[in-house]
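A.B. asks: Listed here are the chains, written in short residue letters.
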Amino acid sequence: MRNKMKALSLLPVMILMCAIAHAQSAPTESTDFMRSNGKIYVVVAVVVTIVAGIFVYLINLDKKITRLEKEGNTKK
Amino acid sequence: MIRQAWWKILAFVLLMYTSVYGFLVKVPKLDDRMQESIRNYFFHVPMWFAMTVLMSVSVIYSIKYLRNNNPVNDHYASAYAAIGSLYGLLGTVTGAIWANYQWGQPWSGDPKQNGAAIALLIYFAYFVLRGALTDEEKRARIGAVYNIFAYCMLFPTLFILPRLTESLHPGGQGSEGNPGLNPNDTTPAMMSVMFPAFIGWTLLGVWIATLRIRLSLLTEKKLADA
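The listed protein sequences correspond, in order, to chains A and B.
Just so it is clear: in the first sequence, position 75 is 75 by my numbering, and no numbers are missing.
Just so it is clear: in the second sequence, position 65 is 65 by my numbering, and no numbers are missing.
Excised from the complex, chain B in its bound form:
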């Protein structure tokens, strides 16, 4: 599966479609401030969607590792968490760029911004923890346990806590709607770009993760042979 080409080609086609049609699709004029920047829905939002998918895959492999102690599963878990964190970082930075022009400043302490920052720091600690342990089995085991903890914090910090308070993110009026995406702001035409974008960016992340996995497996094999 990970060496097959069809889903890599699919990722390319979907992202090409996104990056062409994302600029050309007719977008609703929501208010004078939003203007064309609503097109960030096709680039900023998929980062978060793809990140949650990649983190979910990562935690599945961590649980698998704890069940069967196969070190390959640890390689999978850490690679998916790494690319997921990169997507999270890109999501935060692109969000700050957008916020600078939409909310007046790059960081306004919006609950969702703070939540994303906390979630990312928790995941960064995962890599610090892994880096600090030299014994491979210990690193894999403690890493897997920590990864499950980090995953348990991901959804509250990104999706639940920001929902309990006022947020600048669309749909963020208390308990109304989904903080981050307001279905009333989007049109079917926009959806026809957003969903391919979600799948495309996710597949790109999976591809990069598989490359990391294959590289780390190769490195390990080389060390074992030497």
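One chain only, chain A, in its complex shape:
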């Protein structure tokens, strides 16, 4: 239940991010790093975020399972 609430609480953030992304789609000719090379670094940032997010999730899961395993061992 708590996890569901957590997941739901992410929804407005995602919607907000979508809105920001839309607002930024207006062409702005800038030469900063993220907009160089045909904005390829934007894709890099997205993929890095996804992969890093998966790893954060897995680390948490790993920790939780380790804790459960330890609890099971101390009970005996």
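Bear in mind the hints are in silico, worked out from the structure with no lab data behind them.
Among these hints, one or two may not hold up.
To be clear about the criterion: a stretch of chain A counts as covered by chain B if any three or more of its residues have a C-beta under 8 Å from a C-beta of chain B, and this derived list gives those stretches [said to hold, decoys possible]:
# : region
1 : 42 to 49
2 : 62 to 73
Mimicking DSS-like on lysine-lysine, the simulated pairs with C-alpha atoms at most 30 Å apart in a straight line are [said to hold, decoys possible]:
#  : chain 1 : residue 1 : chain 2 : residue 2
3  : A       : Lys70     : B       : Lys221
4  : B       : Lys8      : B       : Lys26
5  : B       : Lys26     : A       : Lys63
6  : A       : Lys64     : B       : Lys8
7  : A       : Lys64     : B       : Lys222
8  : A       : Lys63     : B       : Lys222
9  : B       : Lys64     : A       : Lys70
10 : A       : Lys64     : B       : Lys221
11 : B       : Lys64     : A       : Lys64
12 : B       : Lys222    : A       : Lys39
13 : A       : Lys63     : B       : Lys8
Partial list, computed: chain B residues near chain A (C-beta under 8 Å) [unchecked claim]:
#  : residue
14 : Phe12
15 : Leu15
16 : Met16
17 : Ser19
18 : Val20
19 : Phe23
20 : Val25
21 : Lys26
22 : Trp207
23 : Ile208
24 : Leu211
25 : Arg214
26 : Leu218
Predicted model only: the values in this text are computed from it and were never measured.
Backbone N, C-alpha and C fix where the C-beta goes; we use that ideal spot for every residue, glycine too.
Starting from the known structure of chain A, fit chain B onto it as the hints suggest.
C.D. replies: Frame of chain A; chain B shown alone:
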């Protein structure tokens, strides 16, 4: 081994390297249609490489189970087969996305596409079979036997049969080359991303599989204690 951290960190480093350098490495301009989509070599192809590794590990544990009847080996076999199937599914979907822009349609009945679909369906049947059996020992035993059969079908459907006929996949001209990867298309620079990608995605799969194994062992223990 499965609780050690170094190989998980290695997986993270390799995949970070892949997902940054995979977009920045200089790729050869093969033809006007391929363009930058050749970078899918760093993401689509490793799915299949990792899948074959995970399925191989799975079948080893199935054979181990049949040899010593230790139920732990059955947990290992099913977890590795599960994550291997997920990788196969992701490989098929990413392949369809790529094919849509490269070959004109997501599914063109390419022998390798059909082969991958058959291989996946055979593995899905493994889970249907397991789900249908309630007796634990029977499930483990029949599952292990079926898993060996599924593994025997994996390599013919993915690597041998597509090779016997024309394929849209690179190197797929009859018996020429390796269907799926044409060494002439890749450069040493690309290889320097591909091999870390292969290892990184495989290690990620192993990590997820070990988590599944630990969870199912915990669940079983809890049921036994209750």
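A.B. asks: Next step is simple, just say for each hint if it's right about the structure.
C.D. replies: Against the structure, the hints:
Using a Cβ-Cβ cut-off of 8 Å, 4 residues of the region 42 to 49 of chain A lie near chain B, which meets the minimum of three, so the contact claim holds. With 6 residues carrying a beta carbon less than 8 Å from a beta carbon of chain B, the region 62 to 73 of chain A meets the three-residue requirement, and the given coverage holds. The hinted pair formed by Lys70/A and Lys221/B meets the criterion: a straight-line CA distance of about 13 Å does not exceed 30 Å. Note on Lys8/B and Lys26/B: the hinted pairing holds, with a Cα-Cα distance of about 28 Å set against a maximum of 30 Å.
Between Lys26/B and Lys63/A the CA atoms are separated by roughly 39 Å; this puts the pair beyond 30 Å, and the hint is violated. For a cut-off of 30 Å, the pair hint linking Lys64/A to Lys8/B stands: about 16 Å separates their Cα positions. Under the criterion of a C-alpha separation no larger than 30 Å, the hint pairing Lys64/A with Lys222/B is consistent with the structure, at around 15 Å. Distance check on the hinted pair: Lys63/A and Lys222/B sit about 18 Å apart at the alpha-carbon level, within 30 Å; holds.
A distance of roughly 27 Å separates the Cα atoms of Lys64/B and Lys70/A; the hinted pair therefore holds under the 30 Å criterion. Annotation: proposed proximity of Lys64/A to Lys221/B holds, straight-line Cα distance about 16 Å (limit 30 Å). The hinted pair formed by Lys64/B and Lys64/A meets the criterion: a straight-line CA distance of about 29 Å does not exceed 30 Å. Distance check on the hinted pair: Lys222/B and Lys39/A sit about 51 Å apart at the alpha-carbon level, beyond 30 Å; violated.
The suggested pairing of Lys63/A with Lys8/B holds, with an alpha-carbon distance near 13 Å, which does not exceed 30 Å. Checking Phe12/B against chain A by beta carbon gives a least distance of about 5 Å; that is within 8 Å, so the hint holds. This hint holds: Leu15/B has a C-beta 5 Å from the nearest C-beta of chain A, less than the 8 Å allowed. Because the closest C-beta pair between Met16/B and chain A is about 7 Å apart, less than 8 Å, the hint holds.
Taken as an interface hint, Ser19/B checks out: its beta carbon lies about 4 Å from the nearest beta carbon of chain A, inside 8 Å. Taken as an interface hint, Val20/B checks out: its beta carbon lies about 6 Å from the nearest beta carbon of chain A, inside 8 Å. A cut of 8 Å between beta carbons decides the hint on Phe23/B: the least distance to chain A is about 5 Å, and the hint holds. Given the 8 Å rule on beta carbons, the hint for Val25/B is violated: about 11 Å separates it from the nearest Cβ of chain A.
The interface hint given for Lys26/B is violated, since its Cβ lies 12 Å from the closest Cβ of chain A, which is over the 8 Å cut-off. Of the supplied interface hints, the one on Trp207/B holds, with its beta-carbon coming within about 6 Å of a beta-carbon of chain A, less than 8 Å. Restraint check, Ile208/B versus chain A: the minimum CB separation of about 7 Å is within 8 Å; hint holds. Against a cut-off of 8 Å between C-beta atoms, the interface hint on Leu211/B holds, since the closest Cβ of chain A lies about 6 Å away.
Interface restraint check: Arg214/B against chain A, minimum CB-CB distance 5 Å, threshold 8 Å, status holds. Taken as an interface hint, Leu218/B checks out: its beta carbon lies about 6 Å from the nearest beta carbon of chain A, inside 8 Å.
Violation of the numbered hints given earlier is confined to hints 5, 12, 20, 21; the remaining hints are satisfied by the structure.
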